[in-house]
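Visitor: Given chain A, work out where chains B and C should sit, using these hints.
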Amino acid sequence: MIEHLAPELVNGVVLGAFYAIIAIGLSLIMNLTGTINLAHGSFMTLAGYIAFTLMSRGTNFWFALAAAAVCTAVVGIVVERLLISPLYKRVPLYSLLLTFGLSLVFEELFRLIWGPSNVPFSAPPELSGATQIGDVVLPTYRLFIMAALVVVMIALLLFLYRTRLGLRLRGAVQDAEMLAALGTNTQLLYMTNFALGILLAAIAGVLAAGLLGLGPTMGNELLMPAFITVVIGGMGSLAGSIVGGLLVGIAISVTTLYVPAASEVVMYVLMAVVLLIRPRGLFGEEGIFG
Amino acid sequence: MTMRSANAVGVSFLGVLLVLLPVLLPAVGLNISLGTTVILFALAASSVNILLGFTGLMAFGNAAFFGVGAYGSALFIADVNANLILGLLVGAACATLAAVIVAPFLIRRRGIYFSLLTIAFGQVFYFIAYRWSGVTGGEDGFSMTKPPILGGSTPTLNGASYYYFCLAIFALLLFVLFRIVRSPFGLTLQGIAQNEARVRYLGINSDRFIFVALVLSGFVAGVGGALYSVSIAFSYPLLMDWHQSGDFVMMVILGGVGTIWGPVLGAAIYAIAQNVLSSFTPAWQIIIGGMFIFFVLVFPKGLLGLGEARRRREVAAAQDPDVAVAPALEVGLLEGRHP
Amino acid sequence: MILVSRDSISRKAFVASSAAAAALASFPVFIPRRSAAEDLIQIGVTEEITGVYAEAARNEIRGMQMAVDQQNKAGGVLSRQVKLVIEDNANNPGTAVEKARKLIQVDKVNGLLGTVNSANSQATSNVCLEAAIPFIDTGGHTDSVTGTQCHWTSFRTCHSTWMETHATGFSIANKLGKKWYYLAPDYAFGHSLLDGYKDVEKKLGVTSVGEDLAPLGTTDFSAYLTKVLNAKPDVLILMQAGQDQINALKQADSMGLLKRIPVAGPQGELEYFWSLPKEARVGYWGIEWYYKSALVTGKNRAAADFIKAFTALYKQPPTARGVFGYVAAQRLMAAMEKAKGTDAVKISQALSGEHFAGLWEGDAYYRDVDHQMIWPMWFGQVHSEGKGGDEYDIFDIADAQPGDKIEKSADEQKSVCKLNYP
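Line order of the protein sequences matches chains A, B and C. When you line the first sequence up against numbering that gives the first Met the number 0, it's residues 0 to 289, in that order. When you line the second sequence up against numbering that gives the first Met the number 0, it's residues 0 to 338, in that order. When you line the third sequence up against numbering that gives the first Met the number 0, it's residues 0 to 421, in that order.
These aren't lab readings, by the way, just hints derived from the structure by calculation. If you're wondering where the values come from, they're calculated on a predicted model, not measured in any experiment. Every residue, glycine too, gets a C-beta built ideally from N, C-alpha and C. Among the hints, erroneous ones may be present.
[What the hints assert, rightly or not] Covered stretches of chain A (in silico footprint by chain C; criterion: 3 or more residues with CB under 8 angstroms from a CB of chain C, positions within the stretch not fixed):
#1 114-127
#2 236-247
[What the hints assert, rightly or not] Interface residues of chain C toward chain B, partial, derived using beta-carbon atoms under 7 angstroms:
#3 A89
#4 A122
#5 D198
#6 K201
#7 K202
#8 T206
[As the list claims (entries may be wrong)] Result set (DMTMM-like, lysine to aspartate or glutamate): computed pairs, CA atoms no more than 25 angstroms apart in a straight line:
#9 C:K82 <-> C:D106
#10 C:K314 <-> C:D68
#11 C:K231 <-> C:E200
#12 C:K277 <-> A:E125
#13 C:K177 <-> C:E129
#14 C:K413 <-> B:D78
#15 C:K82 <-> C:E268
#16 C:K417 <-> B:D78
#17 B:K145 <-> C:D392
#18 C:K258 <-> A:E176
#19 B:K145 <-> C:E268
#20 C:K339 <-> C:E353
#21 C:K174 <-> C:E200
#22 C:K314 <-> C:D392
#23 C:K386 <-> C:E268
#24 B:K145 <-> C:D106
#25 C:K197 <-> C:D398
#26 C:K291 <-> C:D403
Chain A with its partners taken away, still in its complex shape:
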């Protein structure tokens, strides 16, 4: 079995990178406004479908990826302004419920527009096939996903720590009232923050479509591991999301190899253990959500 461990670990890292990117998006949204976005998966799926539609009209993969990400972020802004911002004054419970209902609506809309079965979404030909690294043969697409997600993370960090908008966002997380008192348009910030989270989800969604197949429930299947990643890594911590994602991804892959029957539940067990021992997560801050 041991010779299978290396590719399985790589697989776990790739999955983990996915969970990390989605978790960062969730975490950004949760952190600033306390919104628990159960429709996050729907946005991922939406991006996948938009990319699919563009590609079947002849555009190339890269353009479709960029366009889908932007369009989905715009949809996110509309949803945020209309449905989510009224809930900012209330407890997180309501955003959880509303986005739960929203995910049901989205799922059915996807079925009505693109059909209930999976649609044939392929990675671009230059990314299919396999690459050999030492003894291990890896599908090129997975390597690409890892690289893409690393790029996204670096870009995100640069944005948050090197731009004025990023500075304001981080400031709003610390103390939104003060920021508003200083004259910043906090509503605009919340909108931007949400759009940023959705942008990350959209990128992950298009990448996932090529790996997992594109159907109405694709994003929802990735959502639970992503929430678990947020919990394990700690809300409000980027490093936590990355480490948490890798932990979850690797745990699932390794369990699939050695104890396949437990692979679906291992992430829940992991989360339960973390919640009981260190509820703030590995890197989380105390006091957020108790």
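Guide: Below, chains B and C alone, put in the same frame as chain A:
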């Protein structure tokens, strides 16, 4: 008009409606077992309400208790003794046992962490039902035939008679819940919902109360599930999935959180709307999801919560994670950080 | 909290909220009723109209509707017109039971047809037993419907899981080789497929050189596929379905496995293959019916007419699902005619054992002992492109297996299935 008489009138009205349901439903082109489903889902929603409405805890895993009750009674009736009453007791006992097993873990956290833990444990039960297919039939489900009420040659309840049987048990449980809510125990739960820190400062071990609330919730959901698998003569893993739990939460929100009859009304609206809408359009899920979104935005207290007085609640600014304040349904934990 | 607060609410608020509650509670009164049918024969249908099986369900319904329309043009059944009353079971067994009961108790249908998902088929079959209404399972494959949970009311049109493994198993041994490697999904369906193939092993002297159970939702099969390459079987029998199957095939392709070892499996559905990316359209699969093969439709005129009419109406060729619906509806109506009425016992007896010509070469019949329809199953290779300008024609049928050879014998079934006619 005082609360007492308002309640009395409301309760009598709903009571009469429920007693006449086996006549009303066919009159509008629906079948009686849909009424049974409404009653049993109302039990499941009530079990969620014990945690959500009275204790202020968002439970997203009650479908697991419902499902354990369903499989418990189904397996007992099919493989051990075809006796409805015994099967019901066994199913309820299994669900209560499940609650006793998971409660020690759940009581250690509050808020969103509590909710995620309920989802986690709920999913573990779901996967057990799915994987242990030698016993449960896995995704193919588990068939059974309706058993006689006390085994042997006693009559088998069907249709309207089964509905009234369920209604009787439901009424009994609802009355018990009504009394519990007004009892010192129930009042303590509501105190925990409003301000757990205060309750603990008074020397009350809130963990123990939440434990009992969880076990009670598991029991009520288990009764509903045990009766449901007999009603449809089938058990299946999706009964335990967290989406089913989400549906039960939806029913509570629609009907009115923290009221005794709210979950019943919510279950009725949800079950009947789904049944009727799906006969007319494949887009019924959009309508139900949209209706839910509308309620969350505009009527968060649900239909029966409309007349309720608002209450403000203090929020401790610095949170000690061990004694976190449970989120109530008005002002929240993050008030200091909210826009 | 209503019960704790000492505040009294105003009379207005109370009246308003109870009026709202009463209005909502009584909204069922405003539900539009379907028109009652005095001189119609109504056949109920529950299908997975919403959910992941919606395409297959839609094709089954299309087949049923075609059969009914045809029959009505020819004068109906017992000189009455036939109407299909269609309900959505939302791919949920609880809902399937409610809808079946609604069709039976409220719409008073004389027979029931459906579903795609096995659990829904079994649950619906149970309801029909309880209500003593004839039921034909159109597309649910689980063995129990005509096995351990068979009922005198219930029949099945599509092949059982046992038939699928045996039809493909025989063909695979014939055409591809007798050293097999099994890769199956780790849930009830996967286990029963594995059991079926192991029975074929015994019957034909096939050897298995390896076996793996992969959890549902596995995205990376490379570990398993490496084992397959090392074991050097004649064939890899791949039992995953849906996205798992696509992932496995894509990875097998990228690892070069497909060039060395053919991949085969128990069931290929056209609705599914048409939606696949081209690189996943590989392998040899069992198929329950195909619209463009001499081995399947041969000289059967009814088949040619059916294919022509379906394609004209729906702008795409019919699939096995359409055939399930068509044959089931047609046989139910024929049984009512033969039974000279809608008595359930007489209909079941009329359906049982009667040979008829279907939409394929050779005849078929619903077996007396378990009510399973005995008809051939086919085996072929899927291609990424359609043949001869027809983008839908992606299958090459290579082999056919006769129905009575691929199902359990009547004697074996007698001990498992007790129909218990009243």
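Visitor: State for each hint whether it applies.
Guide: Here is what the structure says about each hint:
1. 114-127: holds (count 9)
2. 236-247: Since 0 is below three, the answer is violated.
3. A89: Holds, about 6 angstroms.
4. A122: holds, 4 angstroms
5. D198: violated, 18 angstroms
6. K201: Since chain B brings no Cβ nearer than about 22 angstroms to K201 (chain C), farther than 7 angstroms, the hint is violated.
7. K202: Where the cut-off is 7 angstroms and the nearest Cβ of chain B is about 25 angstroms from K202 (chain C), the hint is violated.
8. T206: violated, 27 angstroms
9. C:K82 <-> C:D106: holds, 11 angstroms
10. C:K314 <-> C:D68: holds, 18 angstroms
11. C:K231 <-> C:E200: Distance of about 17 angstroms is within 25 angstroms: holds.
12. C:K277 <-> A:E125: With a Cα-Cα distance of about 16 angstroms, the restraint between K277 (chain C) and E125 (chain A) holds, given a limit of 25 angstroms.
13. C:K177 <-> C:E129: It is violated: about 46 angstroms lies between the C-alpha atoms, which goes past 25 angstroms.
14. C:K413 <-> B:D78: At roughly 22 angstroms apart (the allowed maximum being 25 angstroms), D78 (chain B) and K413 (chain C) satisfy the hint.
15. C:K82 <-> C:E268: Distance ~28 angstroms between K82 (chain C) and E268 (chain C) Cα, so the pair is violated.
16. C:K417 <-> B:D78: holds, 18 angstroms
17. B:K145 <-> C:D392: Measuring from Cα to Cα gives roughly 48 angstroms; hence the hint is violated.
18. C:K258 <-> A:E176: violated, 65 angstroms
19. B:K145 <-> C:E268: violated, 36 angstroms
20. C:K339 <-> C:E353: Judged against 25 angstroms, a Cα distance of about 15 angstroms means the pair holds.
21. C:K174 <-> C:E200: holds, 15 angstroms
22. C:K314 <-> C:D392: Between K314 (chain C) and D392 (chain C) the Cα gap is close to 14 angstroms, so the pair holds against 25 angstroms.
23. C:K386 <-> C:E268: Distance of about 17 angstroms is within 25 angstroms: holds.
24. B:K145 <-> C:D106: holds, 23 angstroms
25. C:K197 <-> C:D398: holds, 21 angstroms
26. C:K291 <-> C:D403: holds, 24 angstroms
Violated hints for the displayed structure, listed by number in ascending order: 2, 5, 6, 7, 8, 13, 15, 17, 18 and 19.
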